[in-house]
Amino acid sequence: MSQIAATLDDALGAITDGCMLVVPREVSGVPMDATRALIRRGIRRLHLVALPTSSLQADLLIGAGCVETLETSAVSLGEYGPAPRFAAAILARTIKMKDATCPALHAALQATEKGVPFMPLRGLIGSDVLKYRDDWKVIDSPFGDNDPIVLLPAIKPDVALFHAAMADVHGNVWIGRQRELATMAHAAAKTIVTVDRIHPGNLLETPVLAAGTLPGFYVDAIALTERGAWPLPLPDYYAADGAHLAEYAKMAATEEGFAAYLDKFVYEKQAA
Amino acid sequence: MEFRPEELLADQIAHLIGGVHHVAVGNASPIPATAALLARERGRGRPYVSLLGSPKNTFWTDGARELFDCAGQGRIDAFFLSGGQIDGHGNVNLVEIGAHDHPKVRFPGSFGSAYLYYVVPKVILFRTEHSRRTLVPQVDYISAPGASDANVFRPGGPVALITNRCLFSFANGRFTLQSVHPGHTVEEVIEHTGFDFDRPAHVPETPAPSAEALKLMRETVAPQLAELYPQFAAQIFGIKPQEALTP
Chain P
1 MSQIAATLDD ALGAITDGCM LVVPREVSGV PMDATRALIR RGIRRLHLVA LPTSSLQADL
61 LIGAGCVETL ETSAVSLGEY GPAPRFAAAI LARTIKMKDA TCPALHAALQ ATEKGVPFMP
121 LRGLIGSDVL KYRDDWKVID SPFGDNDPIV LLPAIKPDVA LFHAAMADVH GNVWIGRQRE
181 LATMAHAAAK TIVTVDRIHP GNLLETPVLA AGTLPGFYVD AIALTERGAW PLPLPDYYAA
241 DGAHLAEYAK MAATEEGFAA YLDKFVYEKQ AA
Chain H
273 MEFRPEELLA DQIAHLIGGV HHVAVGNASP IPATAALLAR ERGRGRPYVS LLGSPKNTFW
333 TDGARELFDC AGQGRIDAFF LSGGQIDGHG NVNLVEIGAH DHPKVRFPGS FGSAYLYYVV
393 PKVILFRTEH SRRTLVPQVD YISAPGASDA NVFRPGGPVA LITNRCLFSF ANGRFTLQSV
453 HPGHTVEEVI EHTGFDFDRP AHVPETPAPS AEALKLMRET VAPQLAELYP QFAAQIFGIK
513 PQEALTP
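The listed protein sequences derive, respectively, from chains P and H.
Under this note's numbering, the first residue of the first sequence is numbered 1, with each subsequent residue one higher.
Under this note's numbering, the first residue of the second sequence is numbered 273, with each subsequent residue one higher.
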């Protein structure tokens, strides 16, 4: 039975209201077609984990009212400025923010990957990042002498969602150097992938490709969405659409502009 | 030779990087990226330079966590941090202004600062807006502290702060004014700095970049920079998008 779904919406079926969804950072293969489809479907109350940061994807989902809790280290449009809907939601207190630091998110997903309840991490002690995380603990290292260290509980996402260059009919997905995508898939109960194209043959049968392949064993659904990361980049394949991101930054600066952006680029409503 | 303020800062940061083995540059850091690439050009391939987010200028093959694991192993010698606020104790704030339960301003977030500030030996702070708004007596939120208690594992921390007006060094929990950039004065630095700092009786002027440094930045570094920072490369160095090296 193939993981390749007939439509994008079919592939996204496992992402339900209130689920914990983990997505990759802005340059690692962000599933933007899928994100727009989720907004069109009217997904609500997501616990969004952005590994370890996000840009347009988190800003869009927050602005469209899809997010209840956001767990990440930063949301920004990079060179195109601050993420306006994210900042507005924090100031209006319409989302719950769990501020983290990048390696803490990687480590907490690695804990789930290894099937252990927590992971220790250096740093953090004395920061307000730690102060406001009542789910993180400091212990004295059992292997040290007066050596305090932070413990992070494992993050167990319901679904991992990302975009990659290609998959094959066996459900194997080529992720190249973006190894955090494998960590996400290992840690999540279900993994949904959108891809630019279907690779003829079996990715695991070619050693050069196999090293960069996430085995289909971990993958629940795949949808074909050509240039599905647009306007964000797909590493080693295409760059970000800078002009579009600049336009987004401008439009999303106000609520009205953001609504117009959604109409034009997400709902694709045509002017009468 | 005429130069832009960004070129002066990048040249100074390249000097601060010095002869290290590996320098990493985080998000939204075009001036430190310029400096790191300049240092690599001068060192004919050393230091190793990792620009976060650039497929061309990273050697990572183990995913986004490799940067942090590498730093944890002690294999990153220099890194850069900025902040919405930086205070006189070297604390940086990348999160918010105002009280935590009802902030007035929200910044993107702490990124990797709450880890890297502790484990990278040479962290160079940079802030291109030097004002009492940004350089404050005490930050509103500590993304990462400038110093830690003696029992906290901390091989790393801040060594310097460079701004659009001057260069400070940092040691023993305090900043010391090292030099003032051409066109700026000590009085102006005092007026626009919200925290106390030490200074010698005579504060030198920050030296201008050499003709060699400017040539390297403009001709060799700028086209490499355009992959990750197309807007910066265009504005500062006049690199047209089509001249940018594509991955």
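Simulated from the structure, these hints should not be mistaken for laboratory data.
Just so you know, not all the hints are guaranteed correct.
[What the hints assert, rightly or not] With a straight-line Cα cutoff of 27 Å, these simulated DSS-like cross-link-like pairs (lysine-lysine) come out: (1) LYS190/P - LYS250/P; (2) LYS114/P - LYS156/P; (3) LYS376/H - LYS96/P; (4) LYS98/P - LYS114/P; (5) LYS98/P - LYS131/P; (6) LYS328/H - LYS376/H; (7) LYS250/P - LYS376/H; (8) LYS328/H - LYS131/P; (9) LYS98/P - LYS376/H; (10) LYS190/P - LYS156/P; (11) LYS156/P - LYS137/P; (12) LYS250/P - LYS512/H; (13) LYS131/P - LYS394/H; (14) LYS487/H - LYS512/H; (15) LYS156/P - LYS250/P; (16) LYS512/H - LYS394/H; (17) LYS512/H - LYS328/H; (18) LYS137/P - LYS114/P.
[As the list claims (entries may be wrong)] With beta-carbon atoms standing in for the labels, derived distance ranges: (19) GLY370/H - ARG227/P: 39 to 49 Å; (20) GLY13/P - ARG276/H: 35 to 45 Å; (21) ARG316/H - LYS156/P: 26 to 36 Å; (22) GLU274/H - VAL138/P: 48 to 58 Å; (23) THR7/P - ARG404/H: 50 to 60 Å.
Note that beta-carbon positions come from the ideal geometry of N, C-alpha and C, so glycine has one too.
Item to check | Given pair status - LYS376/H, LYS98/P, alpha carbons within 27 Å | outcome: 18 Å, holds
Item to check | LYS137/P paired with LYS114/P [C-alpha distance capped at 27 Å] | outcome: Since the Cα atoms of LYS137/P and LYS114/P sit roughly 20 Å apart, the hinted pair holds (cutoff 27 Å).
Checklist entry - Do the Cβ positions of GLU274/H and VAL138/P conform to the proposed distance bound of 48 to 58 Å? => result Cβ of GLU274/H to Cβ of VAL138/P: about 53 Å, so the range 48 to 58 Å holds.
Checklist entry - CA of LYS190/P to CA of LYS250/P, is that 27 Å or under? => result 36 Å, violated
Item to check | Outcome of range test on Cβ distance (GLY13/P, ARG276/H; 35 to 45 Å) | outcome: At 53 Å between Cβs, range violated.
Next on the checklist: If I claimed the Cβ atoms of ARG316/H and LYS156/P lie 26 to 36 Å apart, would that claim hold in this structure?
Outcome noted: 48 Å, violated
Next on the checklist: Please verify whether LYS487/H and LYS512/H have alpha carbons no more than 27 Å apart.
Outcome noted: Given that 27 Å is the threshold and the Cα spacing comes to 18 Å, the pair holds.
Checklist entry - Is the Cα-Cα distance between LYS156/P and LYS250/P 27 Å or less? => result 36 Å, violated
Item to check | Satisfaction of hint between LYS131/P and LYS98/P, Cα-Cα up to 27 Å | outcome: 11 Å, holds
Next on the checklist: Holds or violated: LYS512/H and LYS394/H, Cα atoms, limit 27 Å.
Outcome noted: Roughly 34 Å between the alpha carbons, so the hint for LYS512/H and LYS394/H is violated.
Checklist entry - Taking the CB of GLY370/H and the CB of ARG227/P, does the distance hold inside 39 to 49 Å? => result For ARG227/P against GLY370/H, whose Cβ atoms are near 41 Å apart, the range 39 to 49 Å holds.
Item to check | Restraint status (C-alpha distance of LYS376/H to LYS96/P at most 27 Å) | outcome: 16 Å, holds
Checked against the numbered hints listed earlier, the structure breaks hints 1, 6, 8, 15, 16, 20, 21; every other hint is satisfied.
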